[in-house]
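Novice: Please construct the entire structure, taking both the sequences and the accompanying hints into account.
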Amino acid sequence: MKKEKDKDKNKARLRRCNSVTSWLDILYIVLVVILVCHLFIVQIFDFHRYRERGKMQRASHDFELRGDIYDRNGIKLATDRIYYNIYARPVDYSKHETPAKIAKLFAPVLNISESNLYKKLSNKDIKVIAVKKNVDRDTAQKLMKIIAKNNFRSISLDKKEERDYPQGIFASHVLGFYNAEADVSNGVELSAKDKLQHVVKAQTYQQTRDGKIIYKFNTDPVAPTMTPKGLDVTLTIDAAIQHVCEKELQKIIQEKEALRGAVIVMNPKNGEILAYAVSPTYDPNQFQKASNTQIKNWTLTDVYPPGSTFKIITVTSAMELGKINENSIIQDQGKIKFGNYTIENYDYKQKGAPGNINLVYLFEHSSNIGSVNVGYLMSHKEFYGMLKKFGFGEKSGIDLPGESSGLLASPKYWDKGLHMTMSYGYGTSVSIMQMVSAVSALANNGVRVTPHVIKYSSEDVDDKVKHIQTISPSTAKIITRLLVKSVNNGKSVIKSDKYNIAAKTGTSRKPLENGRGYSGAMYTSTIGYLPANDPQVLIYVVIDSAKKGPVWGNTVAGPVFHEVSEQVARILDIKPDKIKK
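Take this note's numbering: the last position of the sequence shown gets the number 601, and nothing is skipped along the way.
Hints listed in this document are in silico derivations from the structure and should not be mistaken for laboratory results. One thing to keep in mind: the hints can contain errors.
Said to hold, decoys possible - Just the calculated beta-carbon pair ranges, DEER-fashion: (1) 162 - 59: 43 to 51 Å; (2) 214 - 58: 39 to 47 Å; (3) 202 - 482: 30 to 38 Å; (4) 586 - 162: 51 to 59 Å; (5) 599 - 475: 34 to 42 Å.
Owing to the predicted nature of the structure, the values given are computational and were not obtained by experimental measurement. From the three backbone atoms N, C-alpha and C, an ideal C-beta is built for every residue, glycine too.
Specialist: Structural data, given as structure tokens:
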């Protein structure tokens with residue numbers, strides 16, 4: 021009985037096994053049919069798509085070079101340098117392609133000792149050996165000939181690009197930097213990125229596994245030898261003027277042990293910046309080694325109280341609104357008390373109250389009280405409205421990244437104290453570029469032109485560069501005359517023997533980092549334009565935290581302004597406008 025039961029169990033097990041096997045056979049047949057159908061479709065009906073995929077695997081085009089950057093006279097300031105990294109793959113070594121043979125042929129070309137190269141190539145623990153990096157094009161071409169002649173399969177050349185700045189630290193804050201691997205950039209390298217990377221026509225071609233070009237009837241034979249390149253960018257910067265500004269800036273910073281400084285030279289008629297020197301500086305070829313302080317263009321990102329140079333804006337605003345005229349007499353009582361604060365002229369303790377003064381005296385002696393009394397002639401809303409016209413509280417529109425809008429409070433938050441300090445350059449914080457833009461209106465018949473460092477084509481200039489009527493031409497001419505008289509009357513170092521210069525110096529206390537109160541350091545500055553009868557250049561010098569000697573606009577920034585103005589006039593061959601008596 022037991023034997024019969026075991027027999028039945030075996031038969032049942034066999035039936036189940038046969039059933040499973042049958043289903044597996046059916047499944048196998050179905051899979052084979054599906055595979056055959058798929059291959060039939062791929063090879064007969066859908067071969068075009070896979071042929072294109074095959075072409076794409078063979079397709080290649082060289083990486084695209086970035087466009088070059090030039091100064092206005094064609095001096096190259098930035099370019100791409102092509103270099104090669106050489107690699108070896110030990111897995112591809114063979115009887116005729118040994119480390120010893122490769123080392124013997126490569127060592128003289130790579131300027132490496134044969135023994136050291138052999139030792140490096142013999143390290144089979146590494147899948148890919150870096151033979152040498154940053155090899156120039158000529159060396160790479162010699163290696164390619166050796167590789168082709170000996171049919172080496174274990175050696176490969178990886179073509180790379182690197183941004184090169186042949187002038188070193190020159191105009192670094194204008195140019196910025198660019199790193200292709202990390203895709204990071206700054207300065208013009210960032211703001212003109214689209215143009216520098218725009219390739220009009222990139223060629224594509226096919227190549228074999230070992231990198232050989234597959235030439236077909238429609239293959240351009242020149243294409244593989246050419247590297248696609250972006251469009252070049254020309255700057256408004258004049259290298260000769262830039263050099264003068266950088267040299268004079270560095271000289272005064274070292275002499276006065278200052279923290280930082282800037283010199284900007286602009287054509288006020290068209291907004292073209294001819295020089296833009298900023299310190300501290302850095303070498304864009306090695307920007308990774310530079311600190312954030314060095315890389316930051318503080319003339320755009322940081323704001324500061326402009327001090328006495330802002331008196332130009334106060335007087336111009338009041339004149340444009342009809343509150344004063346060229347011959348107005350202003351009361352100067354030497355000092356004013358407001359609440360717990362006392363404002364006085366810098367020379368009050370030595371000279372006392374000058375009494376009634378004219379506008380030439382106000383500029384020449386930089387009268388704080390005179391400026392306050394002129395400012396009081398305007399309402400909060402009127403003064404604010406004029407400051408907005410001059411571009412304060414908004415970006416100048418310069419074609420460089422990182423610009424600040426400055427700090428200009430709405431008139432609803434003004435009180436008498438803020439209005440008073442605003443009048444002589446303390447109630448607001450501005451960027452250096454905002455001051456350049458504002459004062460340029462006086463040098464250009466009342467019209468502010470967008471400052472810019474890129475030389476635009478006739479098609480782009482109208483879109484990129486705006487002309488804004490800020491004040492009337494008559495007001496601009498009157499203020500220019502007053503400034504010229506104040507310079508020529510005094511003993512300022514900015515005075516010139518050949519040119520009538522409309523300018524104003526300034527000194528302001530530096531705010532503390534937390535914005536509450538002031539430190540013991542000073543901003544010293546000088547802004548002006550020449551020749552006064554037909555201004556060709558506007559120059560602004562700002563020096564931050566000078567330590568040595570008397571720290572005033574006339575003693576620190578003034579000498580730099582004088583030297584720069586003299587040399588710029590010579591470089592541009594500006595005709596003198598002073599008549600010798």
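Novice: Taking the hints in turn, state whether each one holds.
Specialist: Do the hints match the structure? See the list:
The hinted window of 43 to 51 Å between residue 162 and residue 59 holds, with their beta carbons roughly 47 Å apart. Taking the beta carbon of each, residue 214 and residue 58 are about 45 Å apart, inside 39 to 47 Å as hinted. For residue 202 paired with residue 482, a C-beta distance near 35 Å keeps the hint of 30 to 38 Å intact. The given range of 51 to 59 Å is respected by residue 586 and residue 162, whose C-beta atoms sit roughly 52 Å from each other.
Evaluation of the 34 to 42 Å hint for residue 599 and residue 475 yields a pass: the beta carbon distance comes to about 35 Å.
The structure fails none of the hints (numbered hints given earlier).
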